[in-house]
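Using the sequences and the hints, build the whole thing.
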Amino acid sequence: MSQFTFNKQVASQDQRQKRVADQRSAETKQARVASSLEKIDFLQSISSKNGLVAQFWDGHARFTKMLQLKMKLELELKMKLELKQTLSRSYSVSTADRVRDNIPSRDYDGLKSQCDTAMHELQVLRRQHSETVRRCEHTMKELEYYRGQHHAAMAQLESAAQESSTLRTKYGELVSDLRSSQVSQKRIA
Numbered sequence: 001m002s003q004f005t006f007n008k009q010v011a012s013q014d015q016r017q018k019r020v021a022d023q024r025s026a027e028t029k030q031a032r033v034a035s036s037l038e039k040i041d042f043l044q045s046i047s048s049k050n051g052l053v054a055q056f057w058d059g060h061a062r063f064t065k066m067l068q069l070k071m072k073l074e075l076e077l078k079m080k081l082e083l084k085q086t087l088s089r090s091y092s093v094s095t096a097d098r099v100r101d102n103i104p105s106r107d108y109d110g111l112k113s114q115c116d117t118a119m120h121e122l123q124v125l126r127r128q129h130s131e132t133v134r135r136c137e138h139t140m141k142e143l144e145y146y147r148g149q150h151h152a153a154m155a156q157l158e159s160a161a162q163e164s165s166t167l168r169t170k171y172g173e174l175v176s177d178l179r180s181s182q183v184s185q186k187r188i189a
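If you count the sequence shown from 1, position 146 lands on 146 in UniProt numbering, and the numbers rise without skipping.
One should not assume that every hint holds.
Stated by the list, open to error - Using 30 Å as the maximum straight-line C-alpha spacing, the simulated DSS-like pairs for lysine-lysine come out as follows:
1) Lys65 <-> Lys84
2) Lys72 <-> Lys84
3) Lys70 <-> Lys29
4) Lys29 <-> Lys112
5) Lys65 <-> Lys78
6) Lys78 <-> Lys29
7) Lys18 <-> Lys70
8) Lys65 <-> Lys80
9) Lys84 <-> Lys29
10) Lys72 <-> Lys170
11) Lys29 <-> Lys65
12) Lys72 <-> Lys18
13) Lys80 <-> Lys70
What the hints assert, rightly or not - Between beta-carbon pairs, the in silico distance windows are:
14) His120 <-> Leu73: 53 to 59 Å
15) Ala153 <-> Asp116: 54 to 60 Å
16) Thr132 <-> Arg19: 53 to 59 Å
17) Lys112 <-> Ser35: 54 to 60 Å
18) Glu137 <-> Thr166: 51 to 57 Å
Since the hints were made in silico from the structure, they are not lab data. Note that beta-carbon positions come from the ideal geometry of N, C-alpha and C, so glycine has one too.
So, in structure tokens, the structure goes:
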């Protein structure tokens, strides 16, 4: 999920939460006005005998009803405005040109600089990787060369060991022949 899509989702969630909070506050205001209207109706019924009090309460009731109507009108206007903003945002998100217009230029510049930095780091890492691969290939060639040298040396060592054991055997035979000839010479002499 891209950062822009994530930010858009967070913003829409914040707007929904704000809208719900505004609706709740409007409902509580309406409930207060309704309760005050009930009190006014109750007081009007009690004080309808007195003319001045009745006139005061009639004016007050009209005033509270006007306030209630004004609050309803403000709430409807606010909801219409939010709906228009939501629709315009969804339209601007669907067109690529308007998406760029909605992103502030400093955000674009910041993202561009981050992209340039990331591309530079990527180029450096690619160079390091190619150098490492080249050195690895060179090391593998050297390894094959020294492995061949090792096999040749081991073959020479084995042939020398066989030759040495053959010479020891011959030496042992010569020594035994020499002793037997010396023994036979002593017998003759």
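Verification of the supplied hints:
1. Lys65 <-> Lys84: Between Lys65 and Lys84 the Cα gap is close to 29 Å, so the pair holds against 30 Å.
2. Lys72 <-> Lys84: 18 Å, holds
3. Lys70 <-> Lys29: Satisfied, since the Cα-Cα distance of roughly 11 Å is no more than 30 Å.
4. Lys29 <-> Lys112: Violated: Lys29 and Lys112 sit about 48 Å apart, past 30 Å.
5. Lys65 <-> Lys78: Measuring from Cα to Cα gives roughly 20 Å; hence the hint holds.
6. Lys78 <-> Lys29: Distance of about 15 Å is within 30 Å: holds.
7. Lys18 <-> Lys70: 21 Å, holds
8. Lys65 <-> Lys80: The hint holds at about 23 Å.
9. Lys84 <-> Lys29: Given pair Lys84, Lys29 holds - Cα atoms ~25 Å apart, limit 30 Å.
10. Lys72 <-> Lys170: 122 Å, violated
11. Lys29 <-> Lys65: 12 Å, holds
12. Lys72 <-> Lys18: Holds - the C-alpha atoms of Lys18 and Lys72 are around 18 Å apart, at most 30 Å.
13. Lys80 <-> Lys70: 15 Å, holds
14. His120 <-> Leu73: 53 to 59 Å: The hinted range 53 to 59 Å holds for His120 and Leu73, with Cβ atoms some 57 Å apart.
15. Ala153 <-> Asp116: 54 to 60 Å: With Cβ atoms ~55 Å apart, the hint holds.
16. Thr132 <-> Arg19: 53 to 59 Å: 56 Å, holds
17. Lys112 <-> Ser35: 54 to 60 Å: 57 Å, holds
18. Glu137 <-> Thr166: 51 to 57 Å: Since Glu137 and Thr166 have Cβ atoms about 44 Å apart, the given range 51 to 57 Å is violated.
When the structure is compared with the earlier hints, violations turn up for hints 4, 10 and 18 and for no others.
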